[in-house]
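Peer 1: So the chains spell out like this:
Protein chains: 2
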Amino acid sequence: MAIVETSLREIDEAAEKAYTAFLTYRQASPSQKVKFLNLIAELLERERARLISIANRETFLPPERLDGEYTRTINQLRFFSDLVKEGTWVRAIINKGDPTRKPLPKPDLRQIQYPLGPVAVFGASNFPFAYSVCGGDTAAALAAGCPVVYKANPGHPETSVEVTKIVVEAARQAGLPDGTFSMVQGASHETGARLVTHPRIKAVGFTGSLKGGRAIFDACATREEPIPVYAEMGSTNPVFILPEILEQKGEEIARLLATSNTASAGQFCTNPGIMVANEKSSAKFYDEFAKVIRDTPSAPMLTNSIFNSFEKSMHEVMEKKKVQVAAVASDEKSNNARAHMFVSSAENFLGDDDLWEEMFGPSSIQVTAKNSDEMMRIAEALPGQLTATVWGTENDLKSNIPLIRLLELKAGRLIINGVPTGVEVAPAMNHGGPYPATTDSKFTSVGTQSIYRFTRPVCYQNFPEYLLPDELKG
Amino acid sequence: MAIVETSLREIDEAAEKAYTAFLTYRQASPSQKVKFLNLIAELLERERARLISIANRETFLPPERLDGEYTRTINQLRFFSDLVKEGTWVRAIINKGDPTRKPLPKPDLRQIQYPLGPVAVFGASNFPFAYSVCGGDTAAALAAGCPVVYKANPGHPETSVEVTKIVVEAARQAGLPDGTFSMVQGASHETGARLVTHPRIKAVGFTGSLKGGRAIFDACATREEPIPVYAEMGSTNPVFILPEILEQKGEEIARLLATSNTASAGQFCTNPGIMVANEKSSAKFYDEFAKVIRDTPSAPMLTNSIFNSFEKSMHEVMEKKKVQVAAVASDEKSNNARAHMFVSSAENFLGDDDLWEEMFGPSSIQVTAKNSDEMMRIAEALPGQLTATVWGTENDLKSNIPLIRLLELKAGRLIINGVPTGVEVAPAMNHGGPYPATTDSKFTSVGTQSIYRFTRPVCYQNFPEYLLPDELKG
Chain L
1 MAIVETSLRE IDEAAEKAYT AFLTYRQASP SQKVKFLNLI AELLERERAR LISIANRETF
61 LPPERLDGEY TRTINQLRFF SDLVKEGTWV RAIINKGDPT RKPLPKPDLR QIQYPLGPVA
121 VFGASNFPFA YSVCGGDTAA ALAAGCPVVY KANPGHPETS VEVTKIVVEA ARQAGLPDGT
181 FSMVQGASHE TGARLVTHPR IKAVGFTGSL KGGRAIFDAC ATREEPIPVY AEMGSTNPVF
241 ILPEILEQKG EEIARLLATS NTASAGQFCT NPGIMVANEK SSAKFYDEFA KVIRDTPSAP
301 MLTNSIFNSF EKSMHEVMEK KKVQVAAVAS DEKSNNARAH MFVSSAENFL GDDDLWEEMF
361 GPSSIQVTAK NSDEMMRIAE ALPGQLTATV WGTENDLKSN IPLIRLLELK AGRLIINGVP
421 TGVEVAPAMN HGGPYPATTD SKFTSVGTQS IYRFTRPVCY QNFPEYLLPD ELKG
Chain H
1 MAIVETSLRE IDEAAEKAYT AFLTYRQASP SQKVKFLNLI AELLERERAR LISIANRETF
61 LPPERLDGEY TRTINQLRFF SDLVKEGTWV RAIINKGDPT RKPLPKPDLR QIQYPLGPVA
121 VFGASNFPFA YSVCGGDTAA ALAAGCPVVY KANPGHPETS VEVTKIVVEA ARQAGLPDGT
181 FSMVQGASHE TGARLVTHPR IKAVGFTGSL KGGRAIFDAC ATREEPIPVY AEMGSTNPVF
241 ILPEILEQKG EEIARLLATS NTASAGQFCT NPGIMVANEK SSAKFYDEFA KVIRDTPSAP
301 MLTNSIFNSF EKSMHEVMEK KKVQVAAVAS DEKSNNARAH MFVSSAENFL GDDDLWEEMF
361 GPSSIQVTAK NSDEMMRIAE ALPGQLTATV WGTENDLKSN IPLIRLLELK AGRLIINGVP
421 TGVEVAPAMN HGGPYPATTD SKFTSVGTQS IYRFTRPVCY QNFPEYLLPD ELKG
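First to last, the sequence lines map onto chains L and H. Note that our numbering gives residue 317 to position 317 of the first sequence, counting from 1, and the numbers run on in steps of one. Note that our numbering gives residue 155 to position 155 of the second sequence, counting from 1, and the numbers run on in steps of one.
Some hints could be false.
Identical chains share a label here; the pair holds if one copy fits it or two copies do between them.
Stated by the list, open to error - In silico DSS-like cross-links for lysine-lysine, where the CA-CA straight-line distance does not exceed 25 Å: (1) 106 x 249; (2) 473 x 85; (3) 398 x 96; (4) 398 x 473; (5) 333 x 211; (6) 211 x 17; (7) 333 x 398; (8) 165 x 211.
Since the hints were made in silico from the structure, they are not lab data.
Please put together the full structure from these sequences, using the hints given.
Peer 2: Structure follows, in structure tokens:
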């Protein structure tokens with residue numbers, strides 16, 4: 001499907017309409033929002049087979065993978081619907097006044113989280129449902145009371161158009177104003193730039209590359225009124241494998257990590273791209289990892305441009321004399337990504353910061369560390385991450401507490417003896433982390449807490465009951 | 001006292017030391033942080049008379065005013081100490097795992113708020129204690145587990161040096177590492193710029209002018225790793241006075257608002273600078289307001305540069321043909337600010353956006369509105385504010401709900417029948433608001449919630465009990 005380019009005037013209109021809708025939608029009752037979110041979920045459910053087939057054609061993601069993602073998308077909508085229904089997410093704080101206090105009366109103060117205003121959402125190429133039209137960002141913004149102007153990802157235009165129809169229809173059925181949700185399209189940088197710099201837009205949710213996220217961040221920081229940008233830009237998700245567990249379970253860990261590394265052609269934000277193993281006892285781990293890589297079927301990537309970037313970074317790493325190619329998938333098909341495994345010593349890895357950057361796709365750099373000290377130096381050198389993982393026996397872990405404490409400074413989520421892929425949608429989840437993993441480490445883009453990206457506190461002082469929001473009465 | 005210029009190398013050293021201190025201080029137990037905060041409070045209490053005398057000499061703020069502020073400063077430290085002791089501020093979220101869940105086991109996820117890292121704090125000229133060395137920003141950062149590098153306000157250098165000695169001594173007595181708190185000085189823009197662009201600094205708290213706050217925001221947004229800037233830059237704090245209450249209590253309201261407007265030579269962030277009254281029945285209100293203004297003693301301002309800005313803006317407004325001077329304080333003393341009251345029609349006010357800007361000092365623009373519609377247009381035109389106030393009888397308020405709902409979009413705190421000055425330190429307080437009142441409307445700089453400016457979530461997945469932070473065990 002060709003991408004329709006939304007004109008600049010239409011983008012402005014979408015932003016203005018979203019503001020007009022906001023004047024009503026910000027005051028929508030919890031039950032109206034619940035109805036809207038559940039309607040989207042219901043209408044989505046009816047179109048499951050048709051939409052998965054469209055997305056499969058556009059993204060090459062396999063139907064089973066898309067089916068799981070589709071379910072997750074529906075669950076996320078219901079998750080936010082339940083959050084709104086339950087109600088305490090508004091963080092109501094009531095400090096009753098005391099007119100008799102000396103020397104000054106104590107005012108009655110009541111605080112609530114209030115929607116920020118219209119939100120621009122940029123969909124992800126790798127999640128055509130769960131982080132696109134009505135994915136996590138949109139669900140969180142709508143739950144908060146913010147209309148959404150959605151910028152379609154050029155990687156799956158027809159999917160975007162078809163899901164948009166569903167959301168617009170759900171808004172209509174829920175009796176919500178025109179502009180509560182709308183979609184703009186355009187392959188050029190200008191479309192997104194126009195949208196995020198429109199004065200009516202008050203926040204941005206984005207999932208994509210560092211380059212794209214940073215460009216939007218910069219555009220928003222230089223607005224007359226700067227606005228928050230929540231850009232989730234991925235990371236290398238380092239994994240540290242300590243000596244005793246490597247000795248005991250090297251092959252099993254290799255299979256788990258290699259599977260995590262190559263799933264969906266390595267196109268997950270939390271894909272483990274850098275693994276640091278203790279040199280001693282690493283042979284079986286590397287052998288097994290290489291075996292899985294060689295046996296991994298090659299697969300088409302989401303878009304041509306993503307595939308070209310992957311190929312380019314593979315060539316660049318191969319040309320480096322200090323990095324060895326340990327394995328390449330044997331399955332060769334034109335325009336399909338083949339899994340790669342590279343190996344480097346800690347010293348060479350530390351000497352070349354190109355190697356610290358994400359290579360989006362099914363590849364990894366295996367770094368051999370002589371000892372705990374080299375592991376610490378690698379952890380110290382790496383930039384901000386979504387996740388960091390440590391594998392260890394109880395002995396390993398207890399001897400490497402400084403490493404774990406150092407990783408707290410580097411990542412938004414720390415995992416012991418697991419794989420970073422598979423982001424659970426739960427209140428305690430944090431899908432975020434220090435720059436360049438995201439532009440705002442204070443917020444998650446998955447889970448309940450992600451709603452607070454789109455709210456701000458408002459305090460009501462000495463308000464009579466009849467003027468207070470319902471949540472602050474009494 | 002002459003300002004010692006901290007060299008650029010010393011600024012870098014302070015930032016590095018703060019980072020080294022952070023590696024220890026981030027893991028300080030609640031009781032260590034409680035001890036530190038309480039020690040600062042105790043040592044401050046002992047030096048009350050001496051420090052107030054120094055601040056009075058440097059800022060011209062009267063001793064009674066400084067005494068109240070001094071008490072508030074001590075109370076803020078104890079307030080954060082109590083918050084840390086109580087412990088739930090860390091927002092622990094525990095989602096226990098379920099290894100039997102199908103198709104995939106549910107991971108154990110536990111989230112906590114974690115300190116961001118070293119924080120740069122810029123002190124306010126108008127609060128030499130409560131928003132300076134160990135004021136609200138510093139207390140919140142230290143409570144969160146972040147070391148502070150304090151940039152002294154050039155308006156009260158000796159006060160800053162003396163209070164710094166107290167904080168450094170308290171850190172020593174509490175057994176905390178060197179660098180947990182340090183101070184840098186310098187009148188030039190370069191001092192602050194060097195500090196906030198140092199890679200070890202992870203957040204900034206600032207109270208001051210729009211120009212200064214925006215410059216810091218811009219410097220931090222263009223860092224390789226952008227960091228959050230919480231700049232509280234003041235506002236005009238509009239007050240809307242509805243017809244029936246104006247008729248019934250015009251004179252009383254005039255006295256309250258004029259006192260609020262001229263207190264401390266008008267040098268409060270929440271000073272009401274724009275008042276909009278219904279034209280009908282406004283005569284008594286204006287007469288009484290003018291009387292208070294004429295009788296207001298003139299007073300020295302905090303610094304020469306603040307006084308010069310105030311004089312300049314008074315001259316600029318006086319030259320405007322469409323604004324009338326309604327009253328000027330009769331007390332004339334060289335280099336002292338005289339209170340001013342201007343009057344403008346709604347139409348003229350709406351036609352001149354110069355008038356919408358803050359004029360820091362004892363002055364106000366009284367806007368006469370013909371009807372509710374003109375009030376709405378003024379509310380719509382005004383930029384973001386810390387506060388917005390409405391005076392009205394029950395009849396007035398019930399007939400002007402759209403105005404109140406519109407003001408929710410414009411301000412961080414809404415007040416009914418009160419004055420905006422006097423910011424209560426309480427959990428429900430919000431001292432913040434949409435730009436240009438602040439650079440980040442999502443956070444307050446007063447009250448419990450202000451601690452979250454200096455934290456980010458960290459999620460621990462499948463951690464064994466012995467590796468979890470205490471708050472996440474069990």
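Peer 1: Can you list which hints this structure breaks, lowest number first?
Peer 2: 5, 6, 7 and 8
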